[in-house]
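Work out the full structure, taking the sequences as your base and the hints as a guide.
In the order they appear, the protein sequences are chains A and B. Counting in our numbering, the final residue of the first sequence is number 438, and the numbers go up one at a time with none missing. Counting in our numbering, the final residue of the second sequence is number 143, and the numbers go up one at a time with none missing.
Possibly wrong hints are sitting among the right ones.
Subject to a maximum C-alpha distance of 20 Å in a straight line, what follows is the list of computed PhoX-like cross-link-like pairs (lysine-lysine) [unchecked claim]:
hint: 1; chain 1: A; residue 1: Lys219; chain 2: B; residue 2: Lys70
hint: 2; chain 1: A; residue 1: Lys218; chain 2: B; residue 2: Lys46
hint: 3; chain 1: A; residue 1: Lys286; chain 2: B; residue 2: Lys70
hint: 4; chain 1: B; residue 1: Lys58; chain 2: A; residue 2: Lys308
Simulated from the structure, these hints should not be mistaken for laboratory data.
In case you want the letters, here they are:
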Amino acid sequence: MKQKIRIGCGAGFSGDRLEPAVVLAEKGELDYLVLECLAERTIGLAQKRKLQDPTKGYDPLLERRIESLLPLLVQNNIHLITNMGAANPVAGAKKIVEIAQAQGLAVKVAAVYGDDVFAHISPETLATETNQPLSNSGELVSANAYMGVEGILNALEADAQIIITGRVADPSLFLAPMIHEFGWQTDNYDLMGKGTVIGHLLECAGHITGGYYADPIKKPVADMDKLGHPFADVSADGSAIISKVAGTGGVVNLQTAKEQLLYEVINPYEYYTPDVIADFTTVYLKEIGENQVQVTGGTGKAKPQTYKVSVGYKAFYLGEGEIAYAGASALERAHLAGETLEKRLSPKFSDLRIDYLGSNAVHRTNFGHTETPYEIRLRVAAKASSPADAALIGEEVEALYTNGPAGGGGVRKYVNEVIGIVSTLIDRKDLKPQISTF
Amino acid sequence: MNGELANIIVKHCALVYIVAINSLILATCSSLYTNSPFANSQLNMKLYEIAHSRAGDKGNTLTLSLIPYKESDYQMLCTTVTADSVKKHLSAVVSGEIIRYELPNIHSLLFVCQNALLGGVTTSLAIDTHGKALSYALLEMDV
Numbered sequence: 001m002k003q004k005i006r007i008g009c010g011a012g013f014s015g016d017r018l019e020p021a022v023v024l025a026e027k028g029e030l031d032y033l034v035l036e037c038l039a040e041r042t043i044g045l046a047q048k049r050k051l052q053d054p055t056k057g058y059d060p061l062l063e064r065r066i067e068s069l070l071p072l073l074v075q076n077n078i079h080l081i082t083n084m085g086a087a088n089p090v091a092g093a094k095k096i097v098e099i100a101q102a103q104g105l106a107v108k109v110a111a112v113y114g115d116d117v118f119a120h121i122s123p124e125t126l127a128t129e130t131n132q133p134l135s136n137s138g139e140l141v142s143a144n145a146y147m148g149v150e151g152i153l154n155a156l157e158a159d160a161q162i163i164i165t166g167r168v169a170d171p172s173l174f175l176a177p178m179i180h181e182f183g184w185q186t187d188n189y190d191l192m193g194k195g196t197v198i199g200h201l202l203e204c205a206g207h208i209t210g211g212y213y214a215d216p217i218k219k220p221v222a223d224m225d226k227l228g229h230p231f232a233d234v235s236a237d238g239s240a241i242i243s244k245v246a247g248t249g250g251v252v253n254l255q256t257a258k259e260q261l262l263y264e265v266i267n268p269y270e271y272y273t274p275d276v277i278a279d280f281t282t283v284y285l286k287e288i289g290e291n292q293v294q295v296t297g298g299t300g301k302a303k304p305q306t307y308k309v310s311v312g313y314k315a316f317y318l319g320e321g322e323i324a325y326a327g328a329s330a331l332e333r334a335h336l337a338g339e340t341l342e343k344r345l346s347p348k349f350s351d352l353r354i355d356y357l358g359s360n361a362v363h364r365t366n367f368g369h370t371e372t373p374y375e376i377r378l379r380v381a382a383k384a385s386s387p388a389d390a391a392l393i394g395e396e397v398e399a400l401y402t403n404g405p406a407g408g409g410g411v412r413k414y415v416n417e418v419i420g421i422v423s424t425l426i427d428r429k430d431l432k433p434q435i436s437t438f
Numbered sequence: 001m002n003g004e005l006a007n008i009i010v011k012h013c014a015l016v017y018i019v020a021i022n023s024l025i026l027a028t029c030s031s032l033y034t035n036s037p038f039a040n041s042q043l044n045m046k047l048y049e050i051a052h053s054r055a056g057d058k059g060n061t062l063t064l065s066l067i068p069y070k071e072s073d074y075q076m077l078c079t080t081v082t083a084d085s086v087k088k089h090l091s092a093v094v095s096g097e098i099i100r101y102e103l104p105n106i107h108s109l110l111f112v113c114q115n116a117l118l119g120g121v122t123t124s125l126a127i128d129t130h131g132k133a134l135s136y137a138l139l140e141m142d143v
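As structure tokens, then:
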């Protein structure tokens, strides 16, 4: 059993930058690289791609990420754990094998799945948020349970170097190698809690290295154009030191670590994952050097008896249109445009939103800042039941060019299908994580 | 509207205060202080000056951390930035309950705000569906 391992996180969402992971694989002296690429809604869209083509449904950036990383992972003997499998981990694993063969590399790849419980979910099941049957939300398109460490542990025991999963709770991607390397018992909830804290600190990648933290006035961060992503030196006692590769941009300090520890936490006493209910209130953070934060503490109690399932449904088509006004009476002209559009669109669209960007749109208020903006961007958004109806929003905004107030410019219009998400729970015995190796 | 008006008046006071210091005629403004935070010899300032925040989302729930730059300011934040005062400040944003968690080990507060994202991340019509930018709405609060 090892006493210390180094785990890096090279992506915090599907669209994250590609090169920080390459820097970690090349210079990070890692044992494990994790790429967290699966947001709540992403899997519904991936399910659509899989239905159109059974060899697809994994992350759209998989090929690009793997092509650049694989030679470095092999050369430096780094294990990769990623949820880029999305709706189709097996197809993703096969694609990775194909890339490896083309590069003349031999690696063992494992797909971890079993999270897709669409076939087992009754439309009559009640949604957690609404207490109404799932089918009331709309046509269901996907149902994926958040799995824990189990499948990844099986893949590690099968000696796979590249592990590609479907839906797995984000911290579990990091906790699994700790359990595997340190021989932790999965019912040692104190250690499960500690490992989950470390995973949570790493899972958003750049979030803890100064990304989405920087403020040039109060929180300056150097070299954000080459932001380094984090790694943790994890000890067998469940403590860790978070840092980043020397020479990369960004910063790891007490403030970045605190912001990330509390990120998306609904109850810091009870942070639910499939592996543990972790207590974040017992965590201590300490800056022990430049770009080095020590994490100690963190506890946990027995894991929940149910898995959380994210259910995707066809919600609506979102129609949007935007137009800009600048100079004298910009706000007044934008208001005239907004009032005109409301008169024309509200009879057809019950759910219509008009925003004045530059005034009070982003915070939905301006806290009394009544200064007149030099320029303003009008945005109209509405829910529609078809793409053609949704397109009417942008068309009406564009028609302001010849029918609306003076001096409007820069029209943009968008139509997007929206997959909504509701949750439900399934019993632990109804889900069996599986692996296939290639 | 009253809130906005009050805000403008407070801002106006601050402006007068600065002018007053500059021209060393503090006495002329003394009556303005009595109903303002200056009365307690405290500086009227935004949370932005002393703390930072990151917003997060789960469904229709918004989470806002509040982290003082100086850990010694933590107790003061505990006293002044309550669930009630945040609820009042964010009345245009949060329609549900706000729960405040205290994390003394890391000298930070966490506000969990229900019914804050116009129906939730996936189906909201707002420009910022996640409410990611709302961390800076909290930091607009006067203390």
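Checklist line | Restraint check for A:Lys219 with B:Lys70, where alpha carbons must lie at most 20 Å apart | finding: holds, 13 Å
Note to self: Tell me if the straight-line CA distance from A:Lys218 to B:Lys46 falls inside 20 Å.
What the structure shows: holds, 13 Å
Note to self: Tell me if the straight-line CA distance from A:Lys286 to B:Lys70 falls inside 20 Å.
What the structure shows: Holds. A:Lys286 to B:Lys70 sits at ~14 Å (cutoff 20 Å).
Notebook entry, point to check: Straight-line Cα separation of B:Lys58 and A:Lys308 no greater than 20 Å?
Noted result: holds, 13 Å
When held up to the earlier numbered hints, the structure conflicts with none and fits them all.
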